[in-house]
Structures are given as structure tokens and as C-alpha cells.
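Number of protein chains: 2
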Amino acid sequence: MLRTHTCGELRIQHQNQIVTLCGWVQKSRDLGGMTFIDLRDRYGITQLAFNMETNAVLCEQARKCGREFVLQVTGKVIERSSKNTNLPTGEIEIEVTSLTILNTANTPPFTIEEQTDGGDDLRMKYRYLDLRRASVRANLQLRHQMAQQTRLYLDGKDFIEVETPVLIKSTPEGARDFVVPSRMNPGEFYALPQSPQTFKQLLMVSGFDRYYQVVKCFRDEDLRADRQPEFTQIDCEMSFVEQEDVLNTFEGLVKHLFKQVKGIDITELPRMTYADAMKYYGSDKPDTRFDMKFVELNAVVKGKNFKVFDDAALVVGICAKGCAEYTRKQLDELTDFVKRPQIGATGLVYARINGDGSIKSSVDKFYDETALKEWAAAFNAEPGDLLLILAGEATKTRKALNELRLEMGARLGLRDKNTFSCLWVVDFPLLEFNEDENRYFAMHHPFTAPKPEDVKLLDNFDTLGNVRANAYDMVINGVEVGGGSVRIYDKTMQARMFEILGFTKEEAQHQFGFLMNAFEFGAPPHAGIAFGFDRLCSLFGGADSIRDFIAFPKNNSGRDMMIDAPSTIDVKQLKELSIELKS
Amino acid sequence: MLRTHTCGELRIQHQNQIVTLCGWVQKSRDLGGMTFIDLRDRYGITQLAFNMETNAVLCEQARKCGREFVLQVTGKVIERSSKNTNLPTGEIEIEVTSLTILNTANTPPFTIEEQTDGGDDLRMKYRYLDLRRASVRANLQLRHQMAQQTRLYLDGKDFIEVETPVLIKSTPEGARDFVVPSRMNPGEFYALPQSPQTFKQLLMVSGFDRYYQVVKCFRDEDLRADRQPEFTQIDCEMSFVEQEDVLNTFEGLVKHLFKQVKGIDITELPRMTYADAMKYYGSDKPDTRFDMKFVELNAVVKGKNFKVFDDAALVVGICAKGCAEYTRKQLDELTDFVKRPQIGATGLVYARINGDGSIKSSVDKFYDETALKEWAAAFNAEPGDLLLILAGEATKTRKALNELRLEMGARLGLRDKNTFSCLWVVDFPLLEFNEDENRYFAMHHPFTAPKPEDVKLLDNFDTLGNVRANAYDMVINGVEVGGGSVRIYDKTMQARMFEILGFTKEEAQHQFGFLMNAFEFGAPPHAGIAFGFDRLCSLFGGADSIRDFIAFPKNNSGRDMMIDAPSTIDVKQLKELSIELKS
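Quick note, the sequences are listed as chains A and B, same order. Numbers 268 to 850, taken from the working numbering, label the letters of the first sequence in order. Numbers 268 to 850, taken from the working numbering, label the letters of the second sequence in order.
The following block holds chain A by itself, in its conformation from the complex:
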């Protein structure tokens, strides 16, 4: 080893020991008689001291070491005269007696500090320098810990980690596959998996009983702000279980991770039906860090000649505790917020419950004090509260109110990144109608089982939308971090599902024949789940973006700015792959 200790481990009890450290120059201060260097490695920072009086040559040498030079130093651990209580090593410094410059460094294009002066593009291009920043490194250390703890938990529950193939078969269904031309099979292509779904189901058919994998998946979609073309899943499947068993097993995982990684006890992990989530939060991934449930007002507000409410399919609102004092300006801001095109409400009705119990609304022309008291009662509102009400087509209005609720939660400081509220959303619809294509799509995927009690509804096109699935999502702080379902394991039901989804028999056979065939040979009842690992890590890290929890992320054009990929390839290589570029 080129060192005896790391830059994070020396303490006052090491005093007088002769040590050798290696690391990077974080910063250097020349105080005339003394020169100090903060030497950094993954484990911490240790102060090096060079004295002009005792060793001028060495001190001069130290002064020449620029930021990010790589040094090896030997010296004595001594007590600092002025201690730094912010640093675990802050009680000591190294009185350096020998210094080797292991490598020099050009001046980095941005500062390697928490508040860096580097813009996104620059930091992506020099990702290897951005990764030197303590917070980015901490994110990846958190990720490591999450992966390790996930494996420990699942290993302890008899799950076997099985690697499924990356070079698989393309399926036209769903989002776009990345494909890989096969040199050995000209004209043919592999596809990269969007998930190991069918393989994990085949492992259940094989009797593996409990499978997991922390696995890369791929999706060639137009990238939204926080999507990556390659992403990581915690992918799991279990046999001979019911939905309840899956929920118990994986809330166990979530509790384990919070306990081991964050030191947080998650005591409650409530369950909410999809129907309730939509009704009370206007979202299938409600942020339950705060209450502010939707209250439907149709029964209370209709028939008072207020056309907007009378014409609306749904009038629904939230009660913002203690916001009665909101100014006109603040209320206008909220109105503007809900009227933004991406939210799409036509207006916002409010009512303040004043301190004296009187109520003042934006629609006093139509609603008298008695009527407004009924509103307040519906909300269980108290003096000081502010009612915010939207009206219109039901689904759209709920969606808009969900946005307003989240905005109010943020304004009221109810969405603290270090508070965690976990929730199972269950009983998702099996199918989702697509108006454009006039057909149903699988809400989860084509392998999800309908609830046994709803199977009869599959017989009628008009009731297909009412069929519920044994499908579930894990939602934390309003973010869907995982989802899964009980699977179909009966070949007749699976064939029927493909038919409902508009597959011809031939298409179903061509694409999923191997799974349908496998179901002929004794498939067990099984169910599973997958967690978005990048997202889970960013949530644990209290961050909004997944990008800083990925060592080498791609930008919104799917480009790795550091290595400059994708890139052109040789004509010779194309020829070997039996493809050519389309002009």
C-alpha cells in the first residue's frame, strides 16, 4: 500500500504516530511561515502542515502543488493549535517530513466544491471530476449501501439472485426496444430488455420459488427530464403466494432499507385502493406526507345559479389549514398556477374561514353565509382555513386539484425531503381505455391477473374498464417507487388477455409463445414486483433528480457527454453486421 492510513481516519489518539497518506490537494493556504494543504480522499480530509523554518525546501515544494495534484506524504500526527470541529480529523494535522507528487493536475474546469461553479454540461463532460465532489460521491455510496442491504434482506428471505439475459427478443408491444444487430445471424436482431418480466415468470415455472435481481433495463423513449435510456430495477418474483404475501415481504424490504440505510423506523405502511387514491388525492401516487384530502362538493354547491358549478361534473376542493390570511396576490398566483396549460383548470374558487368564523368567498354573489357554512362543514374547516375549489370534468378536475394540493403542500412546508411516508396503492384497474385507438391497453402489463371476483366482467366490452387487478404500487412521498401484480398462470386466461388486448393468436404466439408454452407444463401461482432503483436511491438521498445517483448518466438526448456516445462506426463494421445507414 502506498499509504498507512486514509485521509478520514486519523484522530487525536494517533498523536505522534508516523503515518503516510495519499490523496488530492483540496486546497492549499500559504501563510508565509507555514503552508497548509487539505489532502482529500474518499474517506475524508486531513490537514498537512509544512513549516518554512524547519524545512524550507519541502515547504517550497508544497507551495507548488496545485489543486487536485495527487500527493503521497509522510509525517507525524500532531495536535492542531486551532481545531476544526466540522471535520472528523479536525483535531490533528500532519507535520510533513516527506512529500512525493504522484501526479500533477491541470486546473479543473470547475471547482471541486459543494457549491461548484460548473454548469450541467461541463459537469457531465468532466463527470470524473464531478464525481470527486463529496455530495455526488455520497449519493453513490448510498446507492451501494441500498443495493447491498436489498440483497442481504432478500437473501435472508430465501430469494435467489438469477441473472437473466440482456440479449433477448424484440417485442413490438409497449415502449421502444433498443436492438442489437447479430453478426452471426445476418438480418436478425437481439433486443435489450425493458424488464426481465417473462424471464422471471419462466423462473417461477422452473420452480425457483423466489427470485430477485438488481438489474439494468433499457428503454428507447424520448427522454423526459428525469428518465435515462438505461436504468436499474430491483426485480422480484415469488411462487405460491397471494397479493398479501407480496405486500408483506416488500414492505419488509422498504422498512429494512429505511432502518439500515437511514436509521428511520417506518412503523406504518397503510394500503389505499386505487379508487380511494383517485377520489381523495386525484392521483394514483398520492403524497401522504400531509393530509389535505379532496372533499367533493356536488351535493352542497349545486342549484345556486352559479353556472360554473351547476355545469360541472365535479366540484371538488381542498382545505389549506391556516391560510385564510392569504393575500389577493397569493390567491392570484394560485389561480394562475391552476390555469397553466399543463394543469388546465379554468379558474379557482376560494373561501376564507375568518378568525371570527365568518366566511368570505370569491363567489359570494351566489352563496350566502349559510351556504358557505355548509361548505366549511363539508371540509371540517376551522377558523383560519382557506378552501380552494375547482370544478369541471371529473378526471381532469381531480388531476388539476392534485397539482394544487401538491403546490399547497410545498408552500406550507409539508413536503420535507427528510420525512418519509410510504403507502401501498392496491386494486388498480386491469385495463385502460385508449380513446384514440378505441381499444384497451393493459394498465400494468399483459401478464397481470384480474381479481377473481371481477373475472366475469371480462365477458362484456362495456365492463372491461371496471375489472380490477391484483396489482399494487409502492408509493413514497408521492413518488411511485415500485409496482407489481399477481400474474396470470393459466394458459387459457393468458390467451384471453392477449385477445382482449387486441393480439391475434399468431401475434401472441410469435411474441410470447415461449411463455404460453411454458404455461402448458405446470405453472405455479406467482406474483412479483419491481422497484425503480435509481428513483428509490434519489428518494432516500432526498433529491429530486435520479441523475446524480447514477455514476455515468446520459443527458436528455441519450448522450454520454463524457465519452461522446453514441458515435458513428466504421463502414466495415456495418458491413459485417449486414446493415447500412438509411440515407
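Rather than coming from a laboratory, the hints here were simulated on the basis of the structure. Worth double-checking, as some hints may not be accurate.
Because identical chains share one entry, a pair is satisfied inside a single copy or across any pair of copies.
Said to hold, decoys possible - Only pairs whose alpha carbons sit at most 20 Å apart, straight line, appear in this in silico EDC-like list of lysine to aspartate or glutamate:
#1 K666 / D543
#2 K849 / D837
#3 K839 / E488
#4 K772 / D831
#5 K294 / D729
Values in this document were obtained by computation on a predicted structure and should not be read as measured data.
Given the coordinates of chain A, assemble chain B onto it according to the supplied hints.
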């Protein structure tokens, strides 16, 4: 849960408990009054008993359950009248009181038994059924354990698992890349990594200090018998270390795995230079489960008018202990063996050391008893031994003798799959001369550092072949399971290496610019290693082929027979990717 216990856990102490089991019908025996079913799951086999007298309806139902039907049964644990000591559950059986057929099964295309009647192709096509066989499942359970123990060990040594990208940049150097057309960047391609080499080096530049990953890699090569287009590596890198530190750390890993997974203490892990490996074993991956070292005979055999030896650059042999009694037929077999085209020796000279000490050779015409005694002395041979000698061009002869040595080891039973001999081979040459292209190639890869004491040899084309690298391979039982090197971390040396390897400055910049640039910003001394995880698992499993240690392997044409990939894709999809098939 659909069960209270697994099929592997019930014992005599569970007697009289009412239990519910789920599993597959392994086999069924109808003895008239009684029907017995062996119910199988991942955990074991439990015998179910159905009695015609006590419950005829149930017994009839049981008789109808074919092989591989999926059952759920409830009943009482009772002591068996005739116990099966080969089965952990062999002391008990279940007196079944209720039976649910969870799924039926067609007759499998081959028997789900250790000695199956299924051929390779059939078993690949129905891999999900082959995976039901206990030995195949055991292989994958071993693999799981290996991965988990690898992570535990490295985690304990402060290694951080970092996921490196799968969609990277194509490099013309080395074996062929799989490429992935980018839809968003028409005409451009990602490549799948042959290894995360440059990324792990960048992580060292980032200060990650210790990195590991159990990671899929890809190589579009013509597949030899035991290669897969996608394979898994244990990939590691460390900073501020010397070769010795890497060797110590990873022989620790190997010892840990043997101890935890196999219960074997590896006490010795010797080191051998590449030069010695070639001299004494004719191979850079000697099987050291047995001795039988090469003995060079030039000094002893020359000048006796035996033209074959006199003309040979090298005369070299092995001593097969106790084989003096080999028959003429056996010796002819060995001669035929070494004369096979893939081995390519022109003949085999032998000498038997008889029990009475007399020596009889195939070249008695040229060598008298005194001369032959000198041979025997060179080998330290004893009465009863057989000397086998080859002659010719040095490298080719060593290679041929290596094959003969391995053959003799096998014939003498010295290559037991349950005996393990580990070895580091060190001091590999840095460069390898390619006669066809009249240039040097990197023996390991272009990032490997020359030994400091050999750097001066880089200045002269004629001495390039003599430069040794700080490169090392881990060899177990004659199989190279891992290899690595101390890396270049100096940008000038790296540029020089690219130059020696025939890269123009532009090519080097185009392909590895990001790494060369990274070296401008403070690269630490670093070194690493990668283990072939599939191979390591098969070795631990005592198997020759890696295929049965991979859940869903591809065949020698790179085809997944089960899902029938690769396959053609839609013209529409090709169009979106801006490529077309070359006619």
C-alpha cells in the same frame, strides 16, 4: 401463503402437525390400496400418501395427477412405515386430506430427472423445464451464493459497487463490439461493453478508491464451445496500491469463497512467473493439482547422432510416475495423441525405468544405458517411471508437451474436480508480437503498466518483447479465472503505449481521449483485476462447461433457442433507427 411449509423442511418432529404443501408431481406410484406422490419444490421432495380405503375419492383424484402437475395438498405429517434415508424428509409422509390441482401439465418433452433423456437442443428449447432438474438448480444456487459472498467480502474491504453504463462507445481495438443504433441520434451507435475497463479507471481518477461490480459484458466473437456472447465479470479496481496489495486482496477473496461456499481451506496460494510457467509447464495457466514439471534435456541428449534431437531447438520431457508398465498400445495412443494436428508434435520418444533400474527407450539405437541413466537423473526418475520426451521448435514443443502433461494427469487421475489448486501467474510480457501484422499487441490491454525496471526496454523495437508488465492471472486447476494489472496512470506513458501499439495520435484521442484527458487532472496510481464469474462458478461446481451455470444460455450460434432470439424486426422499426438491411 398457499403453503405452511416447503417440500424440504418436514421431519419426524413435525409428526401429527396439519400442514399444507405446494409443488410439482415428481412421480406417482399406484399400489392398488395406496397411491404415493413425490411432491417436489425448490427445497426438496416430500412423499404424499393417499389411501383408497379411507378416502377413495381423493385417492382417485390423486391417481389422475400426471407428472409435473402443480398441487396444493393439506394433510397430517405421519411417520413412514418404510423410511427413505436418502431423503432429508424420508422419515415422514403426508396423509393427505385435501388436494387442489393448481395447474395441469402436458407430458414434458424429456424427463425431469438427473439422468434425463433430453438432448442438448431439446433442453435448451425447454430451458424452463431443464431448470427444474435438481443439479441445474443447484448450479444456479451456487452461483447466487458466489455472488453474495463476493459482495460481502468486498463490501467488508471498503469496495463500493458502482454500476457502469451498458450503452457506451464502440472502439475498433480488440474483439468485436455489439452495437446498438440510436434512434435519437440517427446514424450513430452505442456499443455494449466488452469490459468496464475505462470506466473503472475513471472511477479511480474520481477518487472512488476501491470499486467493484458483478457485471454483464458482451463480446461478438465466433463462439467457441464454451463462450457466451454475454458473460459476467467480477470487476474490481483499487487506488494507491502496488501489485502485491492486489494479489493479497484477491487471494483473500478466493480463499473466502472456497471457505464460505465449499468449506475448503486454501492454505497455499503460490506465485509463479510467466517465464517459469512457460518453462516448467509450457502454459501460462498450469494445472498445479499435480507436479510432473517439464525437464529440459538439451544438455543431456545432444551430440549422439540422433538427428531429431540434434536438430531440435528444444528437447523437453516429463516423468510419468509409475507408468513404466505402459503397454505398446498405450504408448502408441500417446504418440497418436501428440501427433494430432491440433497438438502437432512429430513424434514421441519414451524411456521406461524398469523395476530393476534398467532403462529401455524408443531410441536405444542412439543412447546406451549410460546415456539413458543421465536422462533418468535429469528427471530424478525412479524405477517404475516413464519418461515422455518431445523435441522441436521451443514454443511449439512446450505447447505440445503441456497437452501431453495434462493428458497424463487425467490418465493418472491427478485432475480430480474436487481438488483445488490455486496459483498466481505474474510478470507477464507487456507486449506480444504478431507475425502477420508485424507489430506488437498488448498482451493484457493498452492500459497495463510496464514494470518500472523494464521501462528502458521500451525505447528499442528489438527489446519490446522483453518488457514485463505488472500483470497477473489467477489460475485454478489450469483454468485462468481472473486477471489484471497495475495500470498506467501517467498521460505521457499512456500516449507512448498507444504509439507503440500503432495508434496514431488522432486514433488514440478519438477512442480514448476521455481517459487521456482524465489523466490530465490528477490520476492516482491504481491497479485492478477481473474474474470470469461464469467460469469461476463452473469451476466451483466441478463442471467443465459454463453453460449450466447460466440460467438462460445461448447456443454456439449465439441463439437463445427458448425465446428464438435473435429474430427479424419490423421494417418500421428499422426505419425509425435510420438503418436498413444490406441486401
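Hints, verified against the model:
When the C-alpha separation of K666 and D543 is checked against a cutoff of 20 Å, the pair qualifies only within one copy, where the shortest distance is 14 Å, while the shortest distance between copies is 74 Å. Proximity of K849 to D837 under the C-alpha cut-off of 20 Å is found in both arrangements, the shortest distances being 15 Å within a copy and 15 Å between copies. With identical chains, the CA atoms of K839 and E488 are at most 20 Å apart between copies only, with a shortest distance of 16 Å across copies and 29 Å within one. With identical chains, the CA atoms of K772 and D831 are at most 20 Å apart between copies only, with a shortest distance of 18 Å across copies and 44 Å within one.
Taking identical chains as interchangeable, the C-alpha atoms of K294 and D729 are never at most 20 Å apart, the minima being 70 Å within one chain and 46 Å between chains.
Going through the hint list in order, the structure does not satisfy hint 5, though it satisfies all others.
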